[in-house]
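A.B. asks: Going line by line, the protein sequences match chains P and H. Numbering-wise, my numbering puts 849 at position 71 of the first sequence, and it's gapless, one number per residue. Numbering-wise, my numbering puts 884 at position 106 of the second sequence, and it's gapless, one number per residue.
Treat the hints with care, since some could be wrong.
Pairs involving identical chains hold if they fit within one copy or between any two copies, as the list cannot separate such chains.
As the list claims (entries may be wrong) - Only pairs whose alpha carbons sit at most 30 Å apart, straight line, appear in this in silico DSBU-like list of lysine-lysine:
#1 Lys881 / Lys1020
#2 Lys806 / Lys874
#3 Lys1017 / Lys862
#4 Lys874 / Lys978
#5 Lys1037 / Lys926
Derived from the structure by calculation, the hints contain no laboratory data.
There are 2 protein chains.
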Amino acid sequence: MIEIIFLGTGASVPSRSRMLPCIVLRRKDELIVFDCGEGAQYRFLQSGLGVNKKMVILISHMHGDHVFGLPGLITTMSFLGRTKPLTIIGPPGIKKFLNCVLKTIPHHIRYDISVYEKEPGVVYEADEYIIEAYETEHSVTNYAYVFKEKERPGKFHPDKAMKLGVPKGPLWKKLQMGFPVVLEDGRIIRPEDVLGPPRKGIKIVYTGDTGPCEDIISACKEADVIIHEATYSSELTEKALKEGHSTTVMAAETAKRCKAKMLILTHISARYEGLEDKLLEEAKRIFENTILAYDGLKVTVK
Amino acid sequence: MIEIIFLGTGASVPSRSRMLPCIVLRRKDELIVFDCGEGAQYRFLQSGLGVNKKMVILISHMHGDHVFGLPGLITTMSFLGRTKPLTIIGPPGIKKFLNCVLKTIPHHIRYDISVYEKEPGVVYEADEYIIEAYETEHSVTNYAYVFKEKERPGKFHPDKAMKLGVPKGPLWKKLQMGFPVVLEDGRIIRPEDVLGPPRKGIKIVYTGDTGPCEDIISACKEADVIIHEATYSSELTEKALKEGHSTTVMAAETAKRCKAKMLILTHISARYEGLEDKLLEEAKRIFENTILAYDGLKVTVK
């Protein structure tokens, strides 16, 4: 189970109700944070996410509205007692930005920070999931990040194990974890004898800022959730294409084409304050299972 | 008349209700901004202050909670159409910080920004006011800023001018502006013949972060308003002194000793969320005309 928490859902400049981009995946006791716009620390504390969790922050691109909240969040977490190391990943530029801020501002960060400038491909691997970066269509290098849980062994059937004479205990556990076992009588029992089909993990894509492009289609294929930027309504299609942004309709077309299960629109231009219903309608006409994000929205994915 | 607008009144880390330090003086069509903590642009836009006013930003010291909102505010003002030049003043370090952020983050700022690292003394002079910096007691160089309107000529008495035979018109205007005039009969009329006593300008002090010290006393003498940091309640006197911060009581004692007209407490630690009444009481016992600032507070000074 993963909870997606939208801390900031605005674009370029904040509106009354939307701060700048910051979206968190909460999985077990870990936090995976996409972008860190100004105000992130404020919403982060409001949301009670906890400052000392295992955590990786992934920055989509080096525009100010996506990174100006990073120095504040990392210093505030230290102030409030963080001791666990923190990993920050981004496109080229992220290292120079953080280095120069932390060199010019006196601070007392008491935990380790590792910053990595990555090429597209697998950018982070944990025991149970990986994160891949795809380079997309924007005015500067932008990464869409694909979070993918690794495939897990299928469901264990105790009745089948009993029938095959596998005694309850350590051998069951071994089979559940996908290893074959040898019984006392010499018979070999394979995991597939007692397990159902392998279970697919959850796939969530965060696009960052992007116009429609082939890499986004590749990234989003059969995603459980696509968190897609939708800076503009379809009336501003030309502007969106020129700037490397998406409209509601472009995002919905990607979700449809990629056979995604759910689409969540974010990075909404401040000009649509109070006009969000229209944006949502545009997308829903093409892809029914669409949500329009707001600051504070939480979505659970199973 | 000057309006003081409190955009951020927290300290170190934001609380639910307080963003980080940013306080604006609105005088005629100008804005004088003290500090620029994270969230400043958000509150700035909410307050409808206008992004294209004549404007000077004064940074008290180079701790992140007082400057991390600066990059966002200056880029957002450009995005929303600012064309007027902007002056930024601060202690040593402000130039390096802004240079390195604006060099590492792609942006399109379309107006001129002048950044000055100043020594204590007069740091800014306009036609009708000056701003002075006093170095105070903190863990890094901190400037208290003293905003002082220049003395204006006294009130004009038309009856006195008539009696002295000064004809209504350009000569009246000249006298009102403080210049002597010569009448047709050769007599010289001096401004003091027709004007009341010179009118004192408004004096407002913003302390930034500081413990009690002689420079604060000098800066605050007979101020109309002291905007004083009060990070802690009096129970944490030792902590305050150790860190170069003030308690409510220290701020109130300064206001009393300096014969100020009004004290406004700001830079309130997040630990006092919901306990502000107690802080205010502590100060009021010593200096009655005290207000405890909150984000969004506006105070008019005449």
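A.B. asks: For each hint, tell me whether it holds in the structure or not.
C.D. replies: Right, here's what the structure says about each hint:
Taking the shortest alpha-carbon separations for Lys881 and Lys1020, only the inter-copy value of 24 Å comes in at or below 30 Å, while the best intra-copy value is 36 Å. Within a single copy, Lys806 and Lys874 get their C-alpha atoms no closer than 32 Å, and across copies no closer than 41 Å, so neither meets the 30 Å cut-off. Taking the shortest alpha-carbon separations for Lys1017 and Lys862, only the inter-copy value of 27 Å comes in at or below 30 Å, while the best intra-copy value is 43 Å. In this homomeric assembly, Lys874 and Lys978 never come within 30 Å of each other (Cα to Cα): the closest approach is 38 Å inside a single copy and 50 Å across copies.
Proximity of Lys1037 and Lys926 under a CA criterion of 30 Å is satisfied intra-copy only: 16 Å inside one chain copy versus 65 Å between copies.
Comparing the model with each earlier hint shows violations of hints 2 and 4; every other hint is respected.
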